[in-house]
Amino acid sequence: MTKCLELGTFGNHPLDSAFILPLALIRVKFVSRQRKTWPEYQFVSRQIKVYPLQEKELIQRCNANDRRAQRLLYDRFAPLLMSICRRYVGQSQAEDVLQDSFVRVFNYLVQYRNEGSFEGWVRRVCVNTCIRHLEKAKRLQVDYKSDDMPEFAIDATVVDQMSADELLGLIDRLPDGYKTVFNLSIIEGYPHKDIAEMLGIEESSSRSQLTKARKYLQRSLIATHKVES
Amino acid sequence: MKTDNPFSNKLFNHTVPVREEVWEAVEKRLPPRSEEKSFPFFWFMLFASTLISGALMFGIINKKSNTNTNSVPNPSYTLTTPQSSETPESSLSQDSKSNDVNQNSTTSLSKQTGQTESASSKTGITSTSNASSSSSATASSSKDHSSNHQSTRNQQTLKSLNQNSKSTTPVDLFPVFQESIDAESISTAQASQSAATTTTSRVSRSTSLLPLADVELYEPGEDVIGTRNFKPDPNCYKFSGITGTYYLSVDAFAGPGFSPRSFTAADTESSSYSLARETTESKQYAWSAGARFNFHLQRGWALRLGLLYDQAGDVFDYTDTLATHSTFRIDSFFSADGTFLYSDSSRILIFGTLIKKIHNTYRHLDVPILVSYEMPVGRSSLMFNFGPVFNLSSSYEGQILDPMLHPRTITPGSQNELYAYKTSLGLSLYFGAGMVIPITDNISGVIEPRYLYRIKPVTIKSYPLEEHRHFAGLNLGLRYYLK
Chain A
1 MTKCLELGTF
11 GNHPLDSAFI
21 LPLALIRVKF
31 VSRQRKTWPE
41 YQFVSRQIKV
51 YPLQEKELIQ
61 RCNANDRRAQ
71 RLLYDRFAPL
81 LMSICRRYVG
91 QSQAEDVLQD
101 SFVRVFNYLV
111 QYRNEGSFEG
121 WVRRVCVNTC
131 IRHLEKAKRL
141 QVDYKSDDMP
151 EFAIDATVVD
161 QMSADELLGL
171 IDRLPDGYKT
181 VFNLSIIEGY
191 PHKDIAEMLG
201 IEESSSRSQL
211 TKARKYLQRS
221 LIATHKVES
Chain B
230 MKTDNPFSNK
240 LFNHTVPVRE
250 EVWEAVEKRL
260 PPRSEEKSFP
270 FFWFMLFAST
280 LISGALMFGI
290 INKKSNTNTN
300 SVPNPSYTLT
310 TPQSSETPES
320 SLSQDSKSND
330 VNQNSTTSLS
340 KQTGQTESAS
350 SKTGITSTSN
360 ASSSSSATAS
370 SSKDHSSNHQ
380 STRNQQTLKS
390 LNQNSKSTTP
400 VDLFPVFQES
410 IDAESISTAQ
420 ASQSAATTTT
430 SRVSRSTSLL
440 PLADVELYEP
450 GEDVIGTRNF
460 KPDPNCYKFS
470 GITGTYYLSV
480 DAFAGPGFSP
490 RSFTAADTES
500 SSYSLARETT
510 ESKQYAWSAG
520 ARFNFHLQRG
530 WALRLGLLYD
540 QAGDVFDYTD
550 TLATHSTFRI
560 DSFFSADGTF
570 LYSDSSRILI
580 FGTLIKKIHN
590 TYRHLDVPIL
600 VSYEMPVGRS
610 SLMFNFGPVF
620 NLSSSYEGQI
630 LDPMLHPRTI
640 TPGSQNELYA
650 YKTSLGLSLY
660 FGAGMVIPIT
670 DNISGVIEPR
680 YLYRIKPVTI
690 KSYPLEEHRH
700 FAGLNLGLRY
710 YLK
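For the protein sequence lines, the chains are A and B, in the order given. With the working numbering as the guide, the letters of the first sequence map in order to residues 1 to 229. With the working numbering as the guide, the letters of the second sequence map in order to residues 230 to 712.
Since the hints were derived computationally from the structure, they do not count as laboratory data. Do not take every clue at face value.
Think about it this way: if two alpha-carbon atoms lie no more than 20 Å apart in a straight line, the pair counts; the simulated DMTMM-like pairs of lysine to aspartate or glutamate are [unchecked claim]:
| no. | chain 1 | residue 1 | chain 2 | residue 2 |
| --- | --- | --- | --- | --- |
| 1 | A | Lys136 | B | Asp549 |
| 2 | A | Lys215 | A | Glu197 |
| 3 | B | Lys257 | A | Asp165 |
| 4 | B | Lys585 | A | Asp100 |
| 5 | B | Lys257 | A | Asp100 |
| 6 | B | Lys239 | A | Asp100 |
| 7 | B | Lys239 | A | Glu202 |
| 8 | B | Lys257 | A | Asp75 |
| 9 | B | Lys512 | A | Asp66 |
Being a predicted model, the structure only gives us computed values, none of them experimental.
Required output: the full structure, derived from the provided sequences and hints.
This is how it looks when you write it as structure tokens:
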């Protein structure tokens, strides 16, 4: 036995052999830990560079409750989901809903079947979380009042000239019911049938809410345009 | 996603920076890191190996002390007459070669006293056995001198040995002295010498080699064992030897444990299911208890037969933030005079979070049939147990996720039961190593780390996962020897 401890000639005495088993166990414990953690550091740095190619591996590691992989996935999607949450629930509660969204993403990641876009799946989870949040807060109320106001055409160039933050501000002013349908239909691109299922309303109600949301936006745009001009 | 819709174009992939505190809040709500469970056996294995190593070390020390006492050969003395052809010096040198202790002591002394010192004085200082031979062999030498000042020389020897402890010649750290030969023995030796003629007679004497400090004198007829308060060693009769008889003992034990679990999935869908189960179930406790009869055979071998009960507890922690609860509501409408008009039914869907925290229990009752070997280590003994274990019954209570990831009960006889587990697990293997420490004449303490390896999965064949559950535990108990 060589000098494995800085204690002089350890191993020469017959009694030293009695310590071999515990020492070997301690060595296995710490060497195995080093070997285990080292590739994970490599993995993190590699993932940052070529993320799309390693998406499956990232999901597997997140499922295995690997905290570094979870952080990586969070860094990748947090800004995008934050924008979604802000659009649906507003600036004040966006962070709370973002937290809920990520907790649900990690909890339900085992159900992701690698079918379709992973980003689409994450967006869907986030949107569902926003809708549940609005439902719990009783902010999702369908407006059944008839609106006889005529619909004006929106000048596309006016909207094009507006920045994303200005558009967000414009959407923020919509009532929650209108805003949700508008977000789902116009920005996310869901058909009215899916929107009706998600919100638990009739398909016709979804259409009417969207029409009212458009009119609301048109009036807001006209008012803004007039003020500016 | 590029469309004609300016809202979608600008906002679909729009990003907003997020504060770092959000991740910290998310991390707090995630399950604990999996790294913490990387080596669940480490502390158990370390404890077991330390126990075994300690026992081995204790055994080695004991063996060494026994070897120190027994390895010194019985000194033999060559009594020669002055008429012998050999010179006294040569006969003495042969004597010193025949005795390791004397040889070592002589070598160390020769460095101190110098070459001019006579052989008789060397041997006289070293041991009284050589003193007797020198006194008998060389009548002209200082026999009286050596006998009169023997105690003084012994003290000098001690000092010189301590001073020469760094010499290259191996010197025992605990010097062993031969007993002083009293006047009676010297006279016996002289009588033998007188009886001897020209032939050389070799007399072997067995002398007990004790440290000087331990030599105590007792009056004849004194009850030595009684005054020293010796107790009978309860371990003595446990090693019956070749000619010994068989005997019985009973062990009763209980102790904490750890029930490691693993899932084997056949396909990717099942792997997702196994992950979901691992996520929702966490280990909480495990313990075991048992009793066994021991048939102690010859040479330390033993057979053990008994009952072994182990129980493991898990926590099924399930949270569904998308849970819905639907109820049907029937509203009946009546006129003012009580006539039924119509009824309206509506389905109410309530969104909420479903939280289930259920304690699952896994119980096993087994019959171990073990072959054991017990090795004496001082007063204690080290034992190694190995053998098959037959499962009598297994029962389960609680809830787990079913393959559709819905919580289902596994309690037998309950409604909507998920048939996932076997009620009999067949053959398992038992490995154990521990110590038996005598407490009284009939009772010994038993400490035994052990591992129960279940060969077959605990789940039935039709279940999509193969779940293996083993048990690592520490038996702490008592052994009673039946007389």
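Pair hint B/Lys239 and A/Asp100, alpha-carbon separation not exceeding 20 Å | Roughly 25 Å separates the two Cα atoms, so the pair is violated.
Is the straight-line distance between the alpha-carbon of A/Lys215 and that of A/Glu197 20 Å or less?
-> violated (24 Å)
Within 20 Å, alpha carbon to alpha carbon, are B/Lys257 and A/Asp100?
-> holds (12 Å)
Are the Cα atoms of B/Lys239 and A/Glu202 separated by 20 Å or less?
-> violated (29 Å)
Agreement of A/Lys136 and B/Asp549 with the hint, judged by alpha carbon distance not exceeding 20 Å = Roughly 15 Å between the alpha carbons, so the hint for A/Lys136 and B/Asp549 holds.
Given the hint that B/Lys585 pairs with A/Asp100, does the C-alpha gap stay at or below 20 Å?
-> holds (18 Å)
Take the C-alpha atoms of B/Lys512 and A/Asp66, compute the straight-line distance between them, and say whether it is at most 20 Å.
-> OK: B/Lys512 and A/Asp66 at ~19 Å, within 20 Å.
Could you grab the alpha-carbon distance between B/Lys257 and A/Asp165 and see if it respects the 20 Å cut-off?
-> Given pair B/Lys257, A/Asp165 is violated - Cα atoms ~31 Å apart, limit 20 Å.
Taking only the CA atoms, is the gap from B/Lys257 to A/Asp75 under or equal to 20 Å?
-> holds (16 Å)
Going through the hint list in order, the structure does not satisfy hints 2, 3, 6, 7.
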